[in-house]
Each structure stands twice: as structure tokens, then as C-alpha cells.
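Protein chains in written order, with the working numbering: chain X, 1 to 277; chain G, 1 to 432; chain A, 1 to 300.
Treat each hint with caution, since some may be false.
Capping the alpha-carbon separation at 27 Å, the derived lysine-lysine pairs in DSS-like fashion look like this [stated by the list, open to error]:
(1) G/251 to A/203
(2) G/307 to G/144
(3) G/291 to X/50
(4) A/212 to X/8
(5) A/73 to G/418
(6) G/408 to A/203
(7) G/89 to A/212
(8) G/194 to G/261
(9) A/210 to G/429
(10) X/9 to A/212
(11) A/203 to X/4
(12) X/8 to A/203
(13) G/243 to G/289
(14) X/8 to A/210
(15) A/73 to G/394
(16) G/429 to A/159
(17) A/73 to G/408
(18) G/243 to G/191
(19) A/73 to G/432
(20) A/203 to X/9
(21) G/75 to G/89
(22) A/159 to G/261
(23) G/418 to A/210
(24) X/50 to G/289
Listed next, with one range per pair, are the computed distances between beta-carbon atoms [as the list claims (entries may be wrong)]:
(25) X/24 to A/279: 37 to 43 Å
(26) G/258 to A/112: 43 to 49 Å
(27) A/112 to G/168: 25 to 31 Å
(28) X/17 to A/201: 32 to 38 Å
Don't read these hints as lab results, they were simulated from the structure.
Note that the coordinates shown come from a computational prediction; the quantities given were computed from them, not determined experimentally.
Don't be surprised by glycine CBs; every beta carbon is placed ideally from N, CA and C.
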Amino acid sequence: MRYKEISKKLPYWMILVVLTILFVYPFWWMVVNSLNTITDIFGDPSFLPKSWAFSNYQEIFTVQPFARHYVNTLLVATVGTLGNVFVAAMAGYSFARIRFPGRNAAFLLLLTALMMPIEVTIIPLFFQMRSFGALDTLIPLMLIPIFGSQGAFSAFMLRQFFVTVPVELEEAARIDGLNPFSIFTKIMLPIAIPVLSSVGILAFIAIWNTYLEPLVFLNSLEKYTLPLSLTNFNDTYGLPQWNLQLAATALSIVPIMVVYLIFQQKVSNAMVGSGLK
Amino acid sequence: MKNVRPMGAKRALIMLLVFGLALGMAFSQGAKETTSTPSGPVSLTIATWTSNPDQIALLDSFVQDFAKSKGIEIKSNFESIPFGEYNTKLSLELQSQNGPDLFWVLETAAPAFIESGLLANLDQAMKAYDPADISSDALELWSKGGSVYAIPFSTSPFFILYNQNLFAKAGAKNPDQLIAEGAWTWENFRKVSKQVTDNTGIWAFQTVDGQGYDARILHNLAPIVRSYGGDFWTEDGQVLINKSEAVAAVKLFHDMVYVDKSVVPPGNQSDFFSGNAAMTVGQISRVSKLKDASFAWGLAPMPSGPKGNAPVIGQAAIGAHSKSKHVELAAELVAYMTNKSSVAAMAGIWPPARKSVMDSEAFLTSNPMVTSVQMKEAVANSIKTGRVLPSHVKYPQIEVESKMSFDKLWQPNADVRKILDEVAAVYAKHIK
Amino acid sequence: MKKLSLQSTHRREAIIGWAFVTPQMAGFIIFVLLPLVSVFMYGMQEKNLLFGTSSFVGLDNFGRLFSDPLFVKSLVNTLIFSAGVVPLNLIFSLMLALYLGGGKTGTRFVRGIIFLPVVTSGVAWAIVWRYLLQGGTAGPVNWFLSQVGIEGPNWLFEKGWAMASVIVTRVMKNLGMNVLIFMGAVLNMPGDVIEAARIDGAKGWNLFSKIKLPLLMPTVMMVTIVTVIGSMRVFDTIKLMTDGGPEGSTMVMVYYIYHQAFRMFETGYASAIAVVLFGIVLVLTLGQWVSRKRVSYYEV
Chain X
1 MRYKEISKKL
11 PYWMILVVLT
21 ILFVYPFWWM
31 VVNSLNTITD
41 IFGDPSFLPK
51 SWAFSNYQEI
61 FTVQPFARHY
71 VNTLLVATVG
81 TLGNVFVAAM
91 AGYSFARIRF
101 PGRNAAFLLL
111 LTALMMPIEV
121 TIIPLFFQMR
131 SFGALDTLIP
141 LMLIPIFGSQ
151 GAFSAFMLRQ
161 FFVTVPVELE
171 EAARIDGLNP
181 FSIFTKIMLP
191 IAIPVLSSVG
201 ILAFIAIWNT
211 YLEPLVFLNS
221 LEKYTLPLSL
231 TNFNDTYGLP
241 QWNLQLAATA
251 LSIVPIMVVY
261 LIFQQKVSNA
271 MVGSGLK
Chain G
1 MKNVRPMGAK
11 RALIMLLVFG
21 LALGMAFSQG
31 AKETTSTPSG
41 PVSLTIATWT
51 SNPDQIALLD
61 SFVQDFAKSK
71 GIEIKSNFES
81 IPFGEYNTKL
91 SLELQSQNGP
101 DLFWVLETAA
111 PAFIESGLLA
121 NLDQAMKAYD
131 PADISSDALE
141 LWSKGGSVYA
151 IPFSTSPFFI
161 LYNQNLFAKA
171 GAKNPDQLIA
181 EGAWTWENFR
191 KVSKQVTDNT
201 GIWAFQTVDG
211 QGYDARILHN
221 LAPIVRSYGG
231 DFWTEDGQVL
241 INKSEAVAAV
251 KLFHDMVYVD
261 KSVVPPGNQS
271 DFFSGNAAMT
281 VGQISRVSKL
291 KDASFAWGLA
301 PMPSGPKGNA
311 PVIGQAAIGA
321 HSKSKHVELA
331 AELVAYMTNK
341 SSVAAMAGIW
351 PPARKSVMDS
361 EAFLTSNPMV
371 TSVQMKEAVA
381 NSIKTGRVLP
391 SHVKYPQIEV
401 ESKMSFDKLW
411 QPNADVRKIL
421 DEVAAVYAKH
431 IK
Chain A
1 MKKLSLQSTH
11 RREAIIGWAF
21 VTPQMAGFII
31 FVLLPLVSVF
41 MYGMQEKNLL
51 FGTSSFVGLD
61 NFGRLFSDPL
71 FVKSLVNTLI
81 FSAGVVPLNL
91 IFSLMLALYL
101 GGGKTGTRFV
111 RGIIFLPVVT
121 SGVAWAIVWR
131 YLLQGGTAGP
141 VNWFLSQVGI
151 EGPNWLFEKG
161 WAMASVIVTR
171 VMKNLGMNVL
181 IFMGAVLNMP
191 GDVIEAARID
201 GAKGWNLFSK
211 IKLPLLMPTV
221 MMVTIVTVIG
231 SMRVFDTIKL
241 MTDGGPEGST
251 MVMVYYIYHQ
261 AFRMFETGYA
271 SAIAVVLFGI
281 VLVLTLGQWV
291 SRKRVSYYEV
């Protein structure tokens with residue numbers, strides 16, 4: 001009986017172990033070698049750092065304005081996320097609850113943004129941003145997630161949510177004399193908080209990790225965002241400074257990991273929800 | 001109802017304000033750099049592919065001297081772009097309202113950049129600084145229709161850097177010993193490389209900056225190919241890369257990588273400067289990387305081939321952005337940065353194209369880490385006889401397309417001739 | 001207010017409704033629709049980024065596409081990449097979801113770790129794997145292989161292996177996402193239907209293929225399309241791990257667009273490629289809509 005139980009569970013545990021190695025080792029290796037000197041990285045892999053070079057974590061802030069890159073990324077992700085959520089909530093609410101002419105057509109049109117890869121429009125966007133004088137600023141990095149496919153996605157998710165809100169709530173508020181905007185901010189937004197935070201977290205993660213847009217739109221070192229910064233740890237002649245690059249990469253992952261670990265359930269649910277319809 | 005309505009509006013207003021404020025913050029970040037008041041300091045951005053702080057400081061000292069001489073204040077902003085992405089990034093930046101005012105130009109990109117009109121004409125600005133002193137050979141690549149569009153600040157031959165300790169450990173003759181015997185040929189280069197790898201288990205040769213298989217493939221192959229009497233293509237439109245001389249040369253390198261296994265292979269990051277390869281190809285600007293080297297090192301000219309010595313020069317120039325808001329100032333600064341005193345100050349890092357500096361005794365002792373004998377033999381002599389890489393206005397296309405074929409070389413059983421035929425076809429298509 | 005005529009209520013609603021959607025729709029027009037129109041226009045121009053020139057050339061760029069061996073290569077590579085990523089991703093994620101879905105101990109933990117790469121940036125993931133996959137015995141992957149007596153290839157620099165490497169790292173990066181979605185769908189399967197099938201004697205493969213899979217079909221379809229479109233968009237993995245090489249064997253469409261536009265400065269021709277990419281994505285999306293209607297029979 002006992003033997004049978006173990007033999008039944010053995011493959012299960014083996015899968016767990018294999019998955020853990022596959023998915024945790026890359027991160028472990030990154031952290032270990034972010035604490036090695038460049039010469040120690042090339043030796044045989046070890047389970048713990050050989051040189052404990054904590055100086056790597058200091059040096060990344062001196063070889064380029066890494067702190068600034070961090071702040072830039074935070075700024076872009078925060079403004080982008082707030083804008084994304086707010087604009088999308090307004091649109092989602094209206095699409096769900098207000099009858100206005102052209103509603104279905106507008107909604108359908110917006111849905112086309114859902115599937116539109118930024119890679120298709122990156123060239124015109126580059127010229128467009130140039131004519132706005134927005135090249136080499138953080139503006140495009142904030143606006144595109146608000147209005148591009150990430151924005152359409154949030155609007156869609158929020159519409160789906162607002163459709164399910166009972167009409168009685170609104171009726172009561174209207175009888176209390178609230179104007180439409182107050183109904184939106186006082187009644188609708190508060191009850192939508194779980195959904196708002198879900199789409200917000202998704203937007204935040206997406207903006208935090210964006211690479212192509214900053215690559216094309218930014219020039220100045222002090223405007224870089226983290227993904228760009230990570231690829232910029234090179235020595236004088238363009239060879240990667242591995243130890244610094246790994247230390248910076250580890251640091252860049254931290255906030256996202258924290259967000260993820262705190263909101264694990266929420267992030268998972270949001271992602272699952274995103275796929276369901 | 002009366003007091004509810006304004007509440008909602010107020011809320012909306014506040015939210016909009018917060019949002020607008022945040023956006024405004026971001027905008028002002030961008031705007032700060034662009035608006036320069038005429039009375040305050042002029043802000044100039046200079047794009048380079050070096051990020052070495054000492055080198056940047058040296059360049060900045062020229063900027064400050066220039067500002068002093070003009071009686072103005074200049075706030076310089078150096079932007080370093082990695083070599084491998086230099087043209088891509090630079091071309092994007094030149095479209096931006098914040099694009100660099102001055103920028104370095106790669107030799108291979110020279111014709112395209114001159115053709116594009118993005119480089120300002122420097123004829124007027126140069127007049128003040130004895131333009132006749134600049135070697136006309138060196139200027140050729142950077143001129144069009146008798147006008148100069150960028151000035152080479154570096155005319156730097158490639159040479160071999162080697163690790164004396166590793167050669168000693170391997171019991172192999174090092175380059176200087178072979179030179180003394182008059183036997184410093186590519187054949188012997190290959191032989192000692194194999195010895196080093198066999199006897200020490202350490203790579204004998206790392207290609208130039210470790211990028212010899214991709215971004216610097218021409219720099220990597222040119223010294224061998226040319227000393228075998230071959231070339232990539234010529235100015236008058238002949239394609240030579242698949243001729244027997246070039247094929248023999250490329251085959252030698254290929255055999256070193258895949259038969260002898262003495263060369264750091266593609267994708268492997270072992271580095272000469274950290275002691276993980278016994279030789280590499282460098283220029284005088286790379287010597288500073290040896291400041292903290294844990295080994296004794298030497299410096300020798302490139303080996304010779306059946307057709308003798310064929311030094312290869314890497315050239316780099318600096319130009320002014322024709323659409324810069326301060327284009328005239330930028331052009332003057334370019335001329336100033338390549339005047340006699342600036343060139344003399346740079347000579348130890350970036351060998352000069354100015355005859356007066358090149359011929360001076362001071363040049364031979366300009367780099368404290370390099371002896372005057374080394375400077376003479378591996379640098380000064382090579383500048384006189386060396387040639388730059390071929391270039392073409394379609395080089396951006398050539399580079400991308402030929403890479404597809406060149407990549408095929410990096411297989412153990414690659415058919416070198418057939419692959420070079422393919423490369424030649426790509427060259428022929430664009431060069432015509 | 002109650003006395004307002006029906007018409008004026010409608011008008012009021014229309015104004016309010018549009019007021020709410022205007023920010024989103026205006027932004028959509030500026031940042032999505034306009035660029036999309038432009039990309040079609042640019043596709044019919046010879047437009048050089050470096051020289052700043054542009055001239056109308058009609059459909060020349062599109063004609064050039066199929067005589068451009070590199071474009072054909074990038075198209076084929078994109079298909080190979082998708083053909084590698086999509087089935088691997090779907091099979092593993094479905095298997096894991098079904099296997100881990102039963103609320104066994106450790107499920108939460110496994111779900112957590114599989115999900116780590118999903119929230120990690122593609123850049124960070126590519127940087128780490130570029131190191132792990134070094135050739136010789138320098139890279140940890142090959143070091144492990146050498147411990148069991150296998151001489152690993154030079155992953156990112158050998159044709160074939162390079163494509164395999166980017167496929168596998170990409171699958172690992174996004175697997176967690178689909179596992180989660182499938183887990184959600186598995187939990188939503190009607191227990192009574194499965195129970196009934198079990199009582200009728202269905203189990204193992206039969207139970208899966210005859211009962212569970214049809215129930216999961218809408219989700220599978222949706223996940224397939226999303227994964228296919230996602231795989232068409234691969235950029236950072238390629239740029240940072242293989243740079244499109246060796247021999248262009250990992251040069252995918254999006255990277256070729258980037259190359260043509262910003263390396264060879266032909267933004268017009270690059271736009272024509274972008275139009276083709278758009279066409280492919282459009283067909284896939286429409287395909288999903290149509291197929292969703294077809295399989296909606298199973299939707300519960």
C-alpha cells in the first residue's frame with residue numbers, strides 16, 4: 001500500500017524537481033554570477049558566488065546613470081499605468097452602460113487595436129513622434145501603452161466587467177441626483193477596483209518590460225529605461241561587462257518580482273481572465 | 001443636486017490635472033535639453049563609440065579649450081553608442097530634434113553619411129588650422145567633390161598584442177622572437193598559436209575586440225587577406241574576395257579556428273585582456289585596457305604573408321551634423337578638435353593623420369605604455385604603408401547581406417571557396 | 001428631468017457616451033489608426049531614413065519582396081519559429097495544466113515558478129540565456145551536458161541549434177501564461193460531465209480526447225491564436241541572443257523590418273514588410289473569430 005502510494009507520487013515529484021531546476025536555475029545563476037568578478041564567471045559553474053563581489057552592485061550605478069534609468073522606468077510605468085487604467089475605465093464604462101449612436105462601431109474599431117502588433121506600426125510611429133517633437137522623450141513610452149493595444153485590452157476587460165454591474169446601482173445614484181461623471185467616479189470606479197488593479201498590474205508589467213519602443217525612440221543615455229540600460233553594460237569597445245550586466249539585470253527584476261509575489265493570485269487571475277474571452 | 005455637480009467636475013478636473021502634471025513633468029524633461037537660451041552656455045552633444053572615461057575627458061578638454069578661445073561657454077554631452085549598433089542608433093538619433101551636433105563616423109559608413117547630406121561641409125571651418133598638413137590620403141575617404149565632410153582624428157593601424165607569460169609557459173616563440181628571426185609570417189603565426197593552445201590549454205588568439213566573426217569581420221580578415229595579395233573589393237568596382245589569394249588567406253584563418261582550434265570560436269567570450277587568450281589584434285587605443293593586466297605583454301606588427309606586409313588602418317573621423325542648431329559652431333569645433341595641438345594630444349591613443357605630428361619625435365613617446373621602438377615599428381611605419389578598409393555608399397546593405405554568407409564560414413567543414421563566391425555575388429550586386 | 005422628451009434624453013446620452021469614450025478613441029486614432037494608414041502609404045514609397053528622401057513607387061516594394069531572398073528567408077523563419085513555439089507551448093502547457101490542475105500539493109509553488117519568466121522582461125531573460133548557452137564548455141548548459149559525457153553544440157552560433165535555442169527559451173518564457181489559462185479552463189470544466197464519462201468507463205487518453213479536449217476546445221483555439229500572433233512578434237529574444245544569425249537562420253520578419261528600416265535605412269521597403277506582417281496577423285485574427293463561432297457549440 002505504502003509502496004504503491006510512493007510509486008504513484010514519484011513521477012509527480014520528479015516533474016516538480018525538473019521544473020524547479022529548469023525555471024529557477026537561470027535566476028539563481030544570474031544572482032550568483034552577479035556577485036562574481038568577470039574572470040570568475042568564465043570558470044565552471046558553481047552553486048555559490050566565488051568572489052562575492054558586492055562591488056558589482058555599486059559599480060552599475062557609476063558606469064552609467066542606472067538610478068536615473070530606474071526612475072525613468074518607474075515614471076513611465078506609473079504614468080502609463082494610471083493613464084491606461086483611467087482612460088480605459090471611462091471608455092469601458094461608456095461602452096458597457098451608455099447607449100449612444102455609433103457605440104458598436106466604435107467598439108469594434110477599438111478592438112482592432114487589440115491585435116495590432118506595435119512592430120507593424122513602429123516605423124510610422126517613429127516619424128509621427130518626430131513631427132510631434134517627442135523623440136528622445138519619455139512621452140511616447142507613456143502614450144503608446146495608454147492608447148495602443150494595451151489600452152484597448154484594458155478598455156475591453158473593463159467593458160466586460162461593467163456589463164455585469166447591476167443596473168439598479170446606477171438608477172439609485174441617478175435618483176440621488178449624481179451626474180454621470182460622479183456616477184462613474186463615485187459608484188463605478190470603486191466597485192471596479194479589483195478589475196482596475198488587475199488590468200493595472202498587467203499594464204505595469206508590460207510597460208516595465210518594453211524594449212522595442214525605447215530602442216527606437218530614445219537617444220540620450222539619461223533617458224534610457226531599464227531594458228535599454230541592461231543591454232548597455234558594455235566596455236569601451238562594445239563587449240558586454242558580464243558581471244555588471246547580470247547585477248543590473250537582477251536589480252531590474254526585483255520590483256516586478258515583488259509586485260508579482262505580493263499580488264501573485266491577482267496577477268494570475270488577471271492573466272487567466274485576459275485569456276478567457 | 002446643486003452641490004453634487006461641481007463636486008464631480010472638480011474631481012474630474014483634479015484627476016486631469018494630476019495626469020497632465022505627470023505628463024508635463026515628462027515633457028519638461030525632454031524640453032529642458034532642447035531649449036538653449038542664447039546667453040547661457042551652448043549645449044553640444046557629441047556621439048562616439050568609446051565610453052572610456054579618460055578618452056572622453058580628453059575630448060572634453062578640447063571642447064573646453066575651444067569654448068575658451070571663442071569666449072563662450074559650452075556644455076558638452078558625450079554619448080557613447082556600442083560599436084556594433086553605432087550606425088543604426090546614430091541614424092535614428094540624427095532624425096531626432098535632440099540629435100548629436102558632432103559625431104564620430106565609421107570608415108565603412110563614410111560614403112553613405114556623406115551622400116546623405118547629414119554631414120556639414122567643413123571647408124570653411126578647416127581653413128584656420130592648416131588643412132594642408134592633413135595627409136591627403138587620409139582625407140580622401142571623407143571628401144566629395146573637393147570638399148571635406150569629416151576629418152579623420154584617428155588613423156590607427158592594427159597590430160598584435162600578446163601575452164608573454166603564456167608564450168613562455170607554452171615554450172613557444174613569441175612574436176618578437178619570430179620578428180628577430182625574420183620569421184613573423186602568418187604560417188608561423190598559425191604554428192605558434194597551435195603550440196600555445198596545445199601546451200597551455202588556453203586560446204592562442206582572440207579576434208579583434210572579440211567581434212571578428214560579425215561586427216568586425218572586415219577588420220579581422222583584411223590583414224590576412226591583403227598580405228596574401230587579395231582584397232574584398234576595390235574602388236574601381238572589382239570584386240576580389242573570391243580570388244585564390246583571398247581564399248587561401250581566409251582558409252588559413254578558418255583552419256586555425258576549426259582544425260587547430262587555437263582561436264576563440266564564435267560565441268565564446270574568452271578575452272585576451274583578462275588573460276584568457278594569448279594574442280589579439282588591437283590598436284593603440286586598446287593598450288590602455290592593459291593598465292591593470294596581470295601578465296607581461298608585448299606588441300608586434302601584424303605578420304606578413306606571401307605578398308609581404310600589408311598593414312590595415314582603421315580610420316575614424318569626426319563630423320558636424322548639418323541640421324544641428326549650432327552647425328557653424330559644431331563645424332568649427334570639429335576643426336578645432338583636429339588641429340595640430342589636439343591631434344598631438346590624442347596621438348598616443350588615436351594616431352594622427354597630420355603629417356607634422358606623425359613625423360615628430362614626440363609622437364613616438366606619446367603613449368607611456370608603449371616604447372618608442374614599438375610605436376615606430378608597429379604604428380608609425382604601418383601608417384605610411386597601410387590602407388583603410390574598402391567602403392561603399394551601399395555598405396549598410398552589403399554588411400547585412402554579406403553577413404548571411406560569411407556566417408556559413410563558421411562551421412568545421414565549410415567550403416571556403418564556395419562561401420566566398422557567395423559573398424562576392426553580394427558585393428557585385430551592390431557595387432556594380 | 002422626468003419631463004424631458006425622449007429625444008433630448010437620447011441626445012444627452014449620446015453626448016455623455018461620446019464624452020467618455022473620446023479620450024480612448026482619439027488616442028486610438030492618433031496612435032493606432034493613423035500609423036496603420038501610414039504604414040500602407042510608406043509601403044508604396046521609396047523612403048530612405050538616412051538620406052531623408054521619399055518618392056512614390058507604387059507597388060514596387062511589394063514586387064521586390066518575393067525576389068528578395070532575405071525576405072523569403074525571414075518569412076520562412078517566422079513560420080518555423082511559430083511551428084516550433086506553438087505546439088511545444090500548447091502541448092506542455094496543456095499537459096501541465098491537466099496534471100497540476102487537480103490541486104495537488106506543490107501546485108501553487110510550481111505555478112509560481114513557471115510564472116517567473118512571464119513577468120521577467122524579455123531582455124533580462126535573453127541576456128541570461130545568452131550566457132547559459134555559450135559554446136564549448138564555457139556555458140553552464142554545456143557544462144552540465146559535459147558532466148554526463150555529452151559534447152554540447154555551440155548553441156547560438158550553429159545553424160539549426162540557434163533556431164532551436166530561441167524556440168525553447170521563448171517557450172520557457174511564456175509557458176507559464178498558458179499553463180495558467182488552461183488551469184482556469186480545467187477548473188471550469190463541468191465536473192458532472194466528466195464524472196458521467198468516467199462511470200461509462202472512459203479513462204486515460206479516451207477521457208482526454210473524447211471528453212476533456214472538446215470541453216477545452218474554445219480555450220485551446222483562443223490560446224493557439226494568441227500564441228501564434230505572439231510568436232510572430234518575437235524581437236528581443238532574437239536581437240539579443242542571435243542577432244538574426246547564423247546565416248540569417250533566425251532572421252524573423254519583425255527583426256528584418258528593424259534591419260531594413262534602421263540598419264539599411266530603407267523605411268519604405270520595411271513598411272511593405274510590415275504590411276505583410278499585418279496581413280498575416282489579420283488573417284489569423286479573423287480565423288479565430290470564425291473558428292470561435294464554429295466551436296462555440298462546445299462552450300458551456
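Subject >> Hint check for residue 112 of chain A and residue 258 of chain G - Cβ pair distance inside 43 to 49 Å >> reply: holds (45 Å)
Original post:
Does residue 210 of chain A pair with residue 429 of chain G here, judged by a C-alpha cut-off of 27 Å?
Top reply: violated (58 Å)
**OP:** Verify the proposed pairing of residue 9 of chain X with residue 212 of chain A, using a straight-line Cα cut of 27 Å.
**Re:** The hint holds at about 23 Å.
**OP:** Kindly confirm whether 25 to 31 Å is satisfied by the beta carbon distance between residue 112 of chain A and residue 168 of chain G.
**Re:** violated (54 Å)
**OP:** For the pair supplied as a hint, residue 159 of chain A and residue 261 of chain G, confirm whether the alpha-carbon distance does not exceed 27 Å.
**Re:** With a Cα-Cα distance of about 19 Å, the restraint between residue 159 of chain A and residue 261 of chain G holds, given a limit of 27 Å.
**OP:** Could you see if the CB distance from residue 24 of chain X to residue 279 of chain A stays within 37 to 43 Å?
**Re:** Given range 37 to 43 Å: holds, Cβ gap about 41 Å.
Subject >> Restraint status (C-alpha distance of residue 73 of chain A to residue 394 of chain G at most 27 Å) >> reply: holds (21 Å)
**OP:** Assess, step by step, whether the Cα of residue 429 of chain G is no farther than 27 Å from the Cα of residue 159 of chain A, and give holds or violated.
**Re:** Given pair residue 429 of chain G, residue 159 of chain A holds - Cα atoms ~25 Å apart, limit 27 Å.
**OP:** Given the hint of 32 to 38 Å, check if residue 17 of chain X and residue 201 of chain A actually sit that far apart at their C-beta atoms.
**Re:** Taking Cβ atoms as reference, residue 17 of chain X and residue 201 of chain A lie about 34 Å apart, which means the hint holds.
Original post:
Taken at face value, is the distance from the CA of residue 89 of chain G to the CA of residue 75 of chain G at most 27 Å?
Top reply: Since the Cα atoms of residue 75 of chain G and residue 89 of chain G sit roughly 22 Å apart, the hinted pair holds (cutoff 27 Å).
Original post:
Taking 27 Å as the top limit, are the C-alpha atoms of residue 73 of chain A and residue 408 of chain G close enough?
Top reply: The given pair, whose Cα atoms are some 15 Å apart, holds under the 27 Å limit.
**OP:** Sort out whether residue 212 of chain A lies within 27 Å of residue 89 of chain G, counting only the CA atoms.
**Re:** violated (51 Å)
Hint compliance for this structure: hints 1, 2, 6, 7, 9, 13, 23 and 27 are broken, all remaining hints hold.
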